[in-house]
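Protein chains in written order, with this note's numbering: chain L, 1 to 471; chain H, 472 to 942.
None of the hints are false.
Below 25 Å or equal to it, Euclidean Cα-Cα: the simulated SDA-like pairs (lysine to any residue) are: (1) L:K247 x H:S582; (2) H:K718 x L:R109; (3) L:K310 x L:Y38; (4) L:K310 x L:H57; (5) L:K247 x H:E722; (6) L:K310 x L:G386; (7) H:K718 x L:E61; (8) H:K718 x H:P588; (9) L:K247 x H:P545; (10) L:K310 x L:L50; (11) H:K559 x H:E532; (12) H:K781 x H:P929; (13) H:K559 x L:G241; (14) L:K88 x L:V268; (15) L:K247 x H:A549; (16) H:K718 x L:E251; (17) H:K559 x L:V242; (18) L:K88 x L:R311; (19) H:K718 x H:H584; (20) H:K718 x L:D77; (21) H:K718 x L:P74; (22) H:K781 x H:A508; (23) L:K247 x L:E150; (24) H:K718 x H:Y685; (25) H:K559 x L:R240; (26) L:K88 x H:F589; (27) L:K88 x H:R711; (28) H:K559 x H:R782; (29) L:K310 x L:V95; (30) L:K88 x L:A78; (31) H:K718 x L:R107; (32) L:K247 x H:R578; (33) L:K247 x L:R154; (34) L:K247 x H:R580; (35) L:K88 x H:G712; (36) L:K247 x H:E532; (37) H:K718 x H:R625; (38) H:K718 x L:G108; (39) L:K88 x H:V713.
None of these hints come from the bench; they were simulated from the model. These numbers come from a predicted model, not from an experiment.
Protein chains: 2
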Amino acid sequence: MSTKPVHRVRHTLLLGALLAILPAAALSAGPDAWIDAYREPASRLVGAALADRFAWHRIAEVTDTFGPRLSGTPALDAAIEWALATMKADGLENVRAEPVMVPRWVRGRESLHVVAPFPRPLVMLGLGGSVGTPADGLEADAIVVSSFDELHQRAADVRGRIVVFDVPYTTYGETVRYRGSGASRAAALGAAAALIRSVGPMGLRTPHTGGLQYAPDAPTIPAAAVSAEDAAALHRLQSRGVRLRLKLTMEARTLPDVDSANVVGEIVGRERPHEIVALGCHYDSWDVGTGASDDAGGCIVTWEAVRLMKRLGLRPRRTVRVVLFTNEENGLRGGLGYRDRHRDQLANHVLMLESDIGLFDLQGFGFTGSDEARTVVNTVASLLNGIGLDRVLPSGGGADIGPSVEAGGIASMSLNSGGDYFLVHHTPADTVDRIDPFNVSRAVGAVAVMAYVIADLPERLGEVAGPSNGR
Amino acid sequence: MSTKPVHRVRHTLLLGALLAILPAAALSAGPDAWIDAYREPASRLVGAALADRFAWHRIAEVTDTFGPRLSGTPALDAAIEWALATMKADGLENVRAEPVMVPRWVRGRESLHVVAPFPRPLVMLGLGGSVGTPADGLEADAIVVSSFDELHQRAADVRGRIVVFDVPYTTYGETVRYRGSGASRAAALGAAAALIRSVGPMGLRTPHTGGLQYAPDAPTIPAAAVSAEDAAALHRLQSRGVRLRLKLTMEARTLPDVDSANVVGEIVGRERPHEIVALGCHYDSWDVGTGASDDAGGCIVTWEAVRLMKRLGLRPRRTVRVVLFTNEENGLRGGLGYRDRHRDQLANHVLMLESDIGLFDLQGFGFTGSDEARTVVNTVASLLNGIGLDRVLPSGGGADIGPSVEAGGIASMSLNSGGDYFLVHHTPADTVDRIDPFNVSRAVGAVAVMAYVIADLPERLGEVAGPSNGR
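Isolated chain L, as found in the complex (with noise of 0.2 Å):
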């Protein structure tokens, strides 16, 4: 495996002659001298991607026109449909669907009422996944813990309750195992169901769904996220010495598998073409928003790099590809299905790179990779320094690429973003109308650039050394 790439030599070479022709300040006379030879396409694609606000209006067609899309809907496979037709319209080849099964799961009718001290209804979202309650719903006293621990502490009081998990959001991960355990943790103790605060920052009474996982040794209870302003109050309550009863009516089930497909589109290497740099994202939604953020913008703003290369009649040596996942937020079928059908071709992956955590404040790339790629990728972006994403950040990666990643040892690589995700992730908020035009362009300038460059070396980006590589 190469740790250098060989055409640094070549280009520190022609660096006379490239002084020759190109703007003195857009030259380097270092070991990255071979950058060089990039910003020329690199000021295209950028100044492409930031020449209007085609992106950001095809985020706003996509979830205005098809709206939510969970797994296994109408509204999922007519927006994979556009997808398909508008790939091809766009001149990128070898469009096609890949088929995979997805799990159905179906929110149906679903209620929070608080029965006493006083009644009235609480706003909710039923947890992906979640089993239903009986028809006429689950009525019962609450018990509002803090944590785990406290769960564990007052085990004698569980039983037959519905368990309030009111733990104030700190990092999506740590707060999201109440999500993810609480119902089976709360059910081995014997509790009647389950409802959590809501994963997120306090927004406006916004609960937050996402999934749940059913532990195999414990009953399967329903499960809901309440708002934080909800948890909080019948956390009030509850230190009020008031008796809390509450009753929650929910419908959810899961239907049998049903057909899905990710969406697949390229641009053929001209040398290379077997060898794959993969960009990804998923295009499925939870049921309760349109997902512009989770995940629309991060699969336009993908497929737009690709676009862009067409555009502009820039190919590279090596296959850039697209894909739009599939079943991402309930099943990760779609990054499963990848891996398998794939998996001859993935010693072949270059990079594979996934932007799945919004278009909000751009933090620049997270990367995982041997230390050699890590020095290419830092010199790639290196060339959107002028548009604030040069930052390489120690870990890349997505849940979508995640298997493919895991089992072809491939460098992984993720557009990083922070600010207001996961305030609206998973929530009927998560609209196009929050979503700045220039974050997606310059977001769009920046995979287009580090996509095309990695795409383009001469050879190609040090692959991950193994399982020691820090990942």
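Fit chain H to the supplied structure of chain L, relying on the hints for placement.
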């Protein structure tokens, strides 16, 4: 009617004696020196208000326990019973319910769906007072307009349609016209239903309810609010030439009037008990949220002002009365009923103050009254400089006190606030969590000092001179 309180002169004469017993820094030798006698009670009231978070916890208790308090609901009835009992326990005097009849509007189930281009639910809230749709809903093509002007320009396209008013929020006064009269103006052109973009800054796909007023000369059609995001999305779809078809289903209906009551408590004046400084708020809320800012907060603040006087043994010359008005949101029957019941007493109302625009970014007071009264109010407000609430803005009043102020020519005041009030106004997100306890305490201190001093002035506050006084 006096223009300057006689006690100013008295206090000037006493200045030498006062200087001997009070810290010099607390005194002013100018024409406002009379206020120095109030520094000590003002300091006690502010100190008591800021000593703890009692008031905030009481807002939490009301809103946590009873939830939404729409006129005519058991929740409002129970909250009224609680207020009566709690005011008595607080030691307020002449605690009583003053009955009024109130409208009983029932929302019922409601939903709004996009039928085309692709079926999906939208978030919505029917407008208070709206009629319902047929039981199986009302399906029609939609037309989106940005203004009443555009509605009339496109009058030929309105018949049989659902009119969507996508009017971006500017100020409440400007934008609320569409909520109030949009339905009737669309109906006059033959519209089947009306949807308005919610009146408030963009939240998190948060619809805002609120009352509408049907014009007597137009058909009554159902009307609802959609979120800013959905209004914009529908507008974008229309601008792409997409046929937009919606289905609105609302069970909304108005039942016969039912009993309700204003809750009144007092501290009876020690010298002129028949003269009244009345502090008001409204205790009802819309049905969709707990109405913490609109207006449980105002009720607790004004109630607290009286409770603290009582607790500190500060009984002013005149009576201070707190009135928790019923039915501000959808009828104003509390305010109208107070005027009618107390018509003979209105001339004895020295001042009416209302707190009903939140407790977020406190701005001081608004005041409407004679110039002479304003001079006195400004001087009283100077006592609040230390808590940053010494501004007196040009105009004061409130919906509930409005009928009495109008009928009695009474000086009127509001506790003013900016900030997030209209972000959460009439939404499920109007919760206590986002109210800063420190602001609640400051508001209590400010209202207590203002009410106490005005009620204690040796000579009554200058009355409104008449219709030409600039109100």
